[in-house]
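So the protein sequences, as listed, match chains A and B. According to the numbering used here, the first sequence holds residues 1 to 256 in order. According to the numbering used here, the second sequence holds residues 1 to 452 in order.
In case anyone wonders, no lab produced these hints; they're calculated from the structure. The structure presented is a predicted model; accordingly, all values stated were derived computationally and were not measured. None of the hints are false.
Listed next, the in silico DSS-like pairs over lysine-lysine satisfying Cα-Cα at most 30 Å (straight line):
{"id": "1", "chain 1": "A", "residue 1": "Lys249", "chain 2": "A", "residue 2": "Lys34"}
{"id": "2", "chain 1": "B", "residue 1": "Lys275", "chain 2": "A", "residue 2": "Lys89"}
{"id": "3", "chain 1": "A", "residue 1": "Lys216", "chain 2": "A", "residue 2": "Lys249"}
{"id": "4", "chain 1": "A", "residue 1": "Lys123", "chain 2": "B", "residue 2": "Lys347"}
{"id": "5", "chain 1": "A", "residue 1": "Lys172", "chain 2": "B", "residue 2": "Lys347"}
{"id": "6", "chain 1": "A", "residue 1": "Lys123", "chain 2": "B", "residue 2": "Lys449"}
{"id": "7", "chain 1": "B", "residue 1": "Lys449", "chain 2": "B", "residue 2": "Lys389"}
{"id": "8", "chain 1": "A", "residue 1": "Lys131", "chain 2": "B", "residue 2": "Lys192"}
{"id": "9", "chain 1": "B", "residue 1": "Lys347", "chain 2": "A", "residue 2": "Lys22"}
{"id": "10", "chain 1": "B", "residue 1": "Lys130", "chain 2": "B", "residue 2": "Lys193"}
{"id": "11", "chain 1": "B", "residue 1": "Lys13", "chain 2": "A", "residue 2": "Lys189"}
{"id": "12", "chain 1": "A", "residue 1": "Lys123", "chain 2": "B", "residue 2": "Lys192"}
{"id": "13", "chain 1": "A", "residue 1": "Lys131", "chain 2": "B", "residue 2": "Lys130"}
{"id": "14", "chain 1": "A", "residue 1": "Lys200", "chain 2": "A", "residue 2": "Lys131"}
{"id": "15", "chain 1": "A", "residue 1": "Lys249", "chain 2": "A", "residue 2": "Lys22"}
{"id": "16", "chain 1": "B", "residue 1": "Lys449", "chain 2": "B", "residue 2": "Lys130"}
{"id": "17", "chain 1": "A", "residue 1": "Lys189", "chain 2": "A", "residue 2": "Lys200"}
{"id": "18", "chain 1": "A", "residue 1": "Lys34", "chain 2": "B", "residue 2": "Lys347"}
{"id": "19", "chain 1": "B", "residue 1": "Lys347", "chain 2": "A", "residue 2": "Lys189"}
{"id": "20", "chain 1": "A", "residue 1": "Lys216", "chain 2": "A", "residue 2": "Lys200"}
{"id": "21", "chain 1": "A", "residue 1": "Lys172", "chain 2": "A", "residue 2": "Lys89"}
{"id": "22", "chain 1": "B", "residue 1": "Lys130", "chain 2": "A", "residue 2": "Lys123"}
{"id": "23", "chain 1": "A", "residue 1": "Lys34", "chain 2": "A", "residue 2": "Lys216"}
{"id": "24", "chain 1": "A", "residue 1": "Lys89", "chain 2": "B", "residue 2": "Lys347"}
{"id": "25", "chain 1": "A", "residue 1": "Lys131", "chain 2": "B", "residue 2": "Lys193"}
{"id": "26", "chain 1": "A", "residue 1": "Lys249", "chain 2": "A", "residue 2": "Lys189"}
{"id": "27", "chain 1": "A", "residue 1": "Lys131", "chain 2": "B", "residue 2": "Lys449"}
{"id": "28", "chain 1": "A", "residue 1": "Lys200", "chain 2": "A", "residue 2": "Lys89"}
{"id": "29", "chain 1": "A", "residue 1": "Lys34", "chain 2": "A", "residue 2": "Lys89"}
{"id": "30", "chain 1": "A", "residue 1": "Lys89", "chain 2": "A", "residue 2": "Lys123"}
{"id": "31", "chain 1": "A", "residue 1": "Lys172", "chain 2": "A", "residue 2": "Lys216"}
{"id": "32", "chain 1": "B", "residue 1": "Lys193", "chain 2": "A", "residue 2": "Lys123"}
{"id": "33", "chain 1": "B", "residue 1": "Lys449", "chain 2": "B", "residue 2": "Lys347"}
{"id": "34", "chain 1": "B", "residue 1": "Lys192", "chain 2": "B", "residue 2": "Lys130"}
Label-pair distances were calculated between CB atoms; the ranges are:
{"id": "35", "chain 1": "A", "residue 1": "Arg122", "chain 2": "B", "residue 2": "Lys192", "range": "30 to 40 Å"}
{"id": "36", "chain 1": "B", "residue 1": "Thr382", "chain 2": "A", "residue 2": "Gln70", "range": "42 to 52 Å"}
{"id": "37", "chain 1": "A", "residue 1": "Asp128", "chain 2": "B", "residue 2": "Ser427", "range": "56 to 66 Å"}
{"id": "38", "chain 1": "A", "residue 1": "Val241", "chain 2": "B", "residue 2": "Arg135", "range": "58 to 68 Å"}
{"id": "39", "chain 1": "B", "residue 1": "Met437", "chain 2": "A", "residue 2": "Asp128", "range": "37 to 47 Å"}
{"id": "40", "chain 1": "B", "residue 1": "Glu445", "chain 2": "A", "residue 2": "Arg122", "range": "31 to 41 Å"}
Beta carbons: idealized from backbone N, C-alpha and C, even for Gly.
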Amino acid sequence: MMTSSGHLATKNTTNTAIKIDKLNKWYGDHHVLKDVSLDISEGEIMVVCGPSGSGKSTLIRSLNHLEDYQEGVVSVFGQPLSRDRQSHKIIHQTMGMVFQNFNLFPHLTVLQNCTLGLTWLRKMSERDADKMAMRLLDRVGIAQLATRYPGQLSGGQQQRVAISRSLAMEPKIMLFDEPTSALDPEMVKEVLDVMIDLAKTGMTMVCVTHEMQFAKQVADRVVFMADGEIIEVGPPEQVLVNPQWDRTKEFLQHVL
Amino acid sequence: MDDLNVKNPPTLKQFVPTPPRPPRQSKSGIFGTIRQRCFNSIGNSVLTLCVIAVLFYLVKHVLDWAVFNAVFIADNRRQCMDISPDGACWAGVISWFNGLIYGRFPVDEQWRVNVGVLLGLVWLLPLMSKRIPLRNVILLSWIGLYPFVGAYLFLGGRFGAELGWVHGVMTCLALAFLTIIYANWILSVWDKKGLNELFVPLVSRFVERRIHLLSFVAAWLLIALVMAFALNQVSLEPVAIERWGGLFLTFIIASFAITMAIPIGVVLALGRRSKLPVIHWLSMTVIELVRSVPLITVLFMAVTLLPIFLPADVEFNKLAQVLVAVCIFAGAYMAENIRGGLQAIPKGQYEAAATLGLGYLHTMALIILPQALRMMIPNIMTSFISLLKDTTLVSIIGLFDIMLMARNIANDKDWVGMHTEPLVMISVLFFLFCYSMSQYSLTLEKRLKVDR
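Take the sequences, apply the hints, and build the full model.
Given below as structure tokens:
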């Protein structure tokens, strides 16, 4: 269960949280993921970047079965996932996800968004669920907005609600699918700050993002993808500052 | 974007917003507006005058017929004609008014209809108040329990005898539930604990979990028992279903169809979107078959065909057959409305629910349907309104609803040939109901707007 890569995570962890083994996916004839293999250790912050259409969103959405894949195995904490009930249970108990478009439930208040899973799935009492959700909302700095509806919040606030909604289910791994891409520039920072705070708590995180500054600051490893393949994996100073491949250099020139 | 902490360079000029200008004042009053809009040119002035003349002519004729030349007190149509030959004869409608509302329900027992309808409305009243918790439960209890109380009052008979003891038990439970709702509502105004909370100390002696639910059940059963003893003392005159009629029957059919349309529609809509082929094709067949046939055909089929499919010893009365037919018809239309709402829900909502770990039923009941139904309130209300109007078709298969009662007036020997006035009367009644429904839908839409 050791990480197979030579470029080891900076944190001293031995457990593999997610092991992706030769993942292949086609949309019709279009080969979207080509033999993608990757190990993510527990507590590691992994940033996935690459040009649009490179399959990074598809990859992260394959991890919690929002997308089907035709070949390959994803294992979570040593458990290979399939399409059965047991695997779904593992996914929901270990992984939370934050989307590009927030996907908050517009007919529920901020607080109800966060307590929904607790009261209906965990069978937690309403009072305990409220308490826990308020703690999380306080942590992301929007406890005072608990009674508002998502439509009354700014994009940055909505994304922070979405993060606390995921955290309420106490996941071990957080998946971020371009969490700041739909935000106005002045709101990007408030969401990134929350993510940086989260990273400091030792949460395992997989982030698809274009925020290179964030990657340099907190990522343990950066994955660069293009055309459905992983081109480079390594610590940020290696991939982002000193890229080995032309594709990476070209991309970084566009982004930075 | 490459630095997260961008500092404002101090050399930049301070931005000073331009102060807002006051809005332009309109100086002309109501006369000014009329002059500006209707008499701003010779052509427009002529048009305005023409329209006023036509309107005056129409309104005058209508008022002459309906009010000024109308007869309100007369014994029969001949007298009406003698008093005023070219006015409405409202006397006939007035003398038949009772029949229009209650059909052929015995006059002495009509208070039961009033009480029954009133109870139904009273049951729904708490839904208006925001103080009441668990309003969905009240709505569900209305759907599940009120019909028993209604049927008991409308059909009558000795308690538990004619309608069977199951019906009697349900009636008691229903009345007990209503009592608890109101007692708790009144108690909550004074910030007192609800009736069900009285049993908490007792119940907590015996069980450790679900104390509140069980104490509620205890209170409920106790009150139901009291109700049963009380109801045992009274005996209502039995009234045959055939004697139900008028607006009362219209209301029964319409409210039954309206309440059943949503659950049937939801099931059919979800079934049509199901990935399981049997369920998909079954729902699709029902929806398409029912939608491609006029309601009148469905009604005839229910009355003539349904008995053929049922075993010989099962005998439905005509009303039950009609109710089944109208419910399926309404449900199929509702299913398409709801499907429209389901399609408008973005895929992200399903994904967000899935990542939280919600299963199919939870996702639908908590996330998707609440949004889909709210989004479709205008369409759903339109369906309800047309349903209310469509129920008049049951007069064709011989149920004495308000339409058939109105046409019956023309057959009364005292009021032979009086067709217009009853129909005008019905139109006014239906307009009142339908218009208030559409107004209610507007307020509902505002109150339940999904994206606040």
